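There are 4 protein chains.
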Amino acid sequence: MDLETTTHSNIRFCEVDPLGIVWHGHYVKYMEDGREAFGKEYNLKYQDFYDAGLIVPIVKMDLNYKKEIKYGDSIKIVTRYVDSPAAKILFDYQIFNAATEELVTTGSTTQVFLDKKRQLQLAIPPMFGEWKRRWKIN
Amino acid sequence: MDLETTTHSNIRFCEVDPLGIVWHGHYVKYMEDGREAFGKEYNLKYQDFYDAGLIVPIVKMDLNYKKEIKYGDSIKIVTRYVDSPAAKILFDYQIFNAATEELVTTGSTTQVFLDKKRQLQLAIPPMFGEWKRRWKIN
Amino acid sequence: MDLETTTHSNIRFCEVDPLGIVWHGHYVKYMEDGREAFGKEYNLKYQDFYDAGLIVPIVKMDLNYKKEIKYGDSIKIVTRYVDSPAAKILFDYQIFNAATEELVTTGSTTQVFLDKKRQLQLAIPPMFGEWKRRWKIN
Amino acid sequence: MDLETTTHSNIRFCEVDPLGIVWHGHYVKYMEDGREAFGKEYNLKYQDFYDAGLIVPIVKMDLNYKKEIKYGDSIKIVTRYVDSPAAKILFDYQIFNAATEELVTTGSTTQVFLDKKRQLQLAIPPMFGEWKRRWKIN
Numbered sequence: 003m004d005l006e007t008t009t010h011s012n013i014r015f016c017e018v019d020p021l022g023i024v025w026h027g028h029y030v031k032y033m034e035d036g037r038e039a040f041g042k043e044y045n046l047k048y049q050d051f052y053d054a055g056l057i058v059p060i061v062k063m064d065l066n067y068k069k070e071i072k073y074g075d076s077i078k079i080v081t082r083y084v085d086s087p088a089a090k091i092l093f094d095y096q097i098f099n100a101a102t103e104e105l106v107t108t109g110s111t112t113q114v115f116l117d118k119k120r121q122l123q124l125a126i127p128p129m130f131g132e133w134k135r136r137w138k139i140n
Numbered sequence: 003m004d005l006e007t008t009t010h011s012n013i014r015f016c017e018v019d020p021l022g023i024v025w026h027g028h029y030v031k032y033m034e035d036g037r038e039a040f041g042k043e044y045n046l047k048y049q050d051f052y053d054a055g056l057i058v059p060i061v062k063m064d065l066n067y068k069k070e071i072k073y074g075d076s077i078k079i080v081t082r083y084v085d086s087p088a089a090k091i092l093f094d095y096q097i098f099n100a101a102t103e104e105l106v107t108t109g110s111t112t113q114v115f116l117d118k119k120r121q122l123q124l125a126i127p128p129m130f131g132e133w134k135r136r137w138k139i140n
Numbered sequence: 003m004d005l006e007t008t009t010h011s012n013i014r015f016c017e018v019d020p021l022g023i024v025w026h027g028h029y030v031k032y033m034e035d036g037r038e039a040f041g042k043e044y045n046l047k048y049q050d051f052y053d054a055g056l057i058v059p060i061v062k063m064d065l066n067y068k069k070e071i072k073y074g075d076s077i078k079i080v081t082r083y084v085d086s087p088a089a090k091i092l093f094d095y096q097i098f099n100a101a102t103e104e105l106v107t108t109g110s111t112t113q114v115f116l117d118k119k120r121q122l123q124l125a126i127p128p129m130f131g132e133w134k135r136r137w138k139i140n
Numbered sequence: 003m004d005l006e007t008t009t010h011s012n013i014r015f016c017e018v019d020p021l022g023i024v025w026h027g028h029y030v031k032y033m034e035d036g037r038e039a040f041g042k043e044y045n046l047k048y049q050d051f052y053d054a055g056l057i058v059p060i061v062k063m064d065l066n067y068k069k070e071i072k073y074g075d076s077i078k079i080v081t082r083y084v085d086s087p088a089a090k091i092l093f094d095y096q097i098f099n100a101a102t103e104e105l106v107t108t109g110s111t112t113q114v115f116l117d118k119k120r121q122l123q124l125a126i127p128p129m130f131g132e133w134k135r136r137w138k139i140n
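Going down the list, the sequences are from chains A, B, C and D. The opening residue of the first sequence carries number 3 in the working numbering; numbering runs sequentially from there. The opening residue of the second sequence carries number 3 in the working numbering; numbering runs sequentially from there. The opening residue of the third sequence carries number 3 in the working numbering; numbering runs sequentially from there. The opening residue of the fourth sequence carries number 3 in the working numbering; numbering runs sequentially from there.
Isolated chain A (complex conformation) (with noise of 0.2 Å):
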């Protein structure tokens, strides 16, 4: 079963760049927008990891820019799990044109845990685990 979350987003005046299109480092926003929607929806949120005296940044990130997206324009986040036999949490990500349901952009992002001494976990913390057996994931 594939997890995925599907959220929305209005294009702000102020992310648009003199060329009139979307400046490229916003996607890297829509993209938290994204997984943040998942975490609500999923019950993995940063404050999920917090609790279980983790934290999970990101390590690894890329993005495919395959279309446009103008002021005035919205868009739809797909955010997928993808699961890893890892001590990581991917997701991948597909921005739509929400009017036209082009696909604009695509992009991934790796996470990695660590505890409060930010100290990497190089095993699956137990709490990630059990998250993975709720979610019938292995």
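In case anyone wonders, no lab produced these hints; they're calculated from the structure. Incorrect hints may have been included.
Said to hold, decoys possible - Dumping the calculated DSSO-like pairs for lysine-lysine here, alpha-carbon to alpha-carbon at most 27 Å:
1. A:K31 <-> D:K68
2. A:K119 <-> B:K90
3. A:K62 <-> D:K138
4. B:K119 <-> A:K118
Said to hold, decoys possible - Label-pair ranges, simulated between beta-carbon atoms:
5. A:H10 <-> D:A54: 21 to 29 Å
6. A:K69 <-> D:K68: 25 to 33 Å
7. D:T102 <-> A:Y52: 21 to 29 Å
8. A:E132 <-> C:E43: 41 to 49 Å
9. D:S86 <-> A:K69: 18 to 26 Å
10. B:G74 <-> D:T102: 30 to 38 Å
11. A:K68 <-> D:D50: 24 to 32 Å
12. D:K134 <-> C:D117: 52 to 60 Å
Please read all numbers here as calculations on a predicted model, not as lab measurements. Virtual Cβ for every residue (Gly too), placed ideally from N, Cα, C.
Assemble the complex: chain A is given as a structure, and chains B, C and D must be docked to it using the hints.
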């Protein structure tokens, strides 16, 4: 004696809006650049406050936009400390086009003192009183 | 009759500063969110101005910060049109904590009318005069 | 011969997240700072492209985060041109902690050439071919 600092900043492509001019909200960062440069020059950094058990949030800010700044322009930020008998920190800012010396934007900020429990300090904290004496402000 | 719009926004992780609260500069975006929602509701979008040969830059902005907003909070933005006999557009903003209804921040903006040659318009442009009549603002 | 540029940047307070480290999305701006510094040094600015009837949007970007950067740190950005036989512009980036010389983040970007009608150019545009010859890239 006026305490003031002059610093410079470049305009980033991503700070320019579809009209080809710097989006008005980015000036808040330029004022922060000025305030930080002031803090470095006059030993009044966030860390100095923090080490004295204080945080100094902004409670009031205003900006007046007089001229446009375009992509490729550089700016000069003049940050001036404005003394007050109250338990507050006031700064005035003048942002110039570095090439033409035109005054582009003026602004001001007011900060207050909170202790680490986030309680507002109604009296000037000792650390800031000493700072004033150090710079012969009274 | 008061013309006002209410809109909602979530706080992004990247909008929260090291003190755990929303950085003061991000409220400029929330006010823009409010102004855009107003424009959509009352047909006063950037595009409407642009189609009439006008751009409406902000020349004055102020903010007053009363309470903190934290990561995970949601905000409610109330944007109110303030009529003026001058060739200006004035808005007042009230930003509330959506959960507690506490007033967090207030602000105001002033915009002027420029034609496409960037000449300041000293008289109210016909397009905006019609808009006022349409909404029975004397 | 490697074409590369070294530039420096300070970390802004507003770029630091609640964990006390630079939010991962801000590195996109640091890479842009590097690319712009490169453009100034080697006559390859957005304006140079624009004057030749070209825009050069980013179509691919990746980042690898190795170390944290904190508020108060300074960074050094090394931007290196990577030649390609295709009608593309490739850059590699290395971001260092300026004080410790630790490698903090690496990244790369790919840009393509569009003409002013936003048509993708499949052959290397004359202006860029000349630029390559000027810098003796094969």
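Okay, which hints does this one fail, numbers in order? 2, 3, 5 and 12
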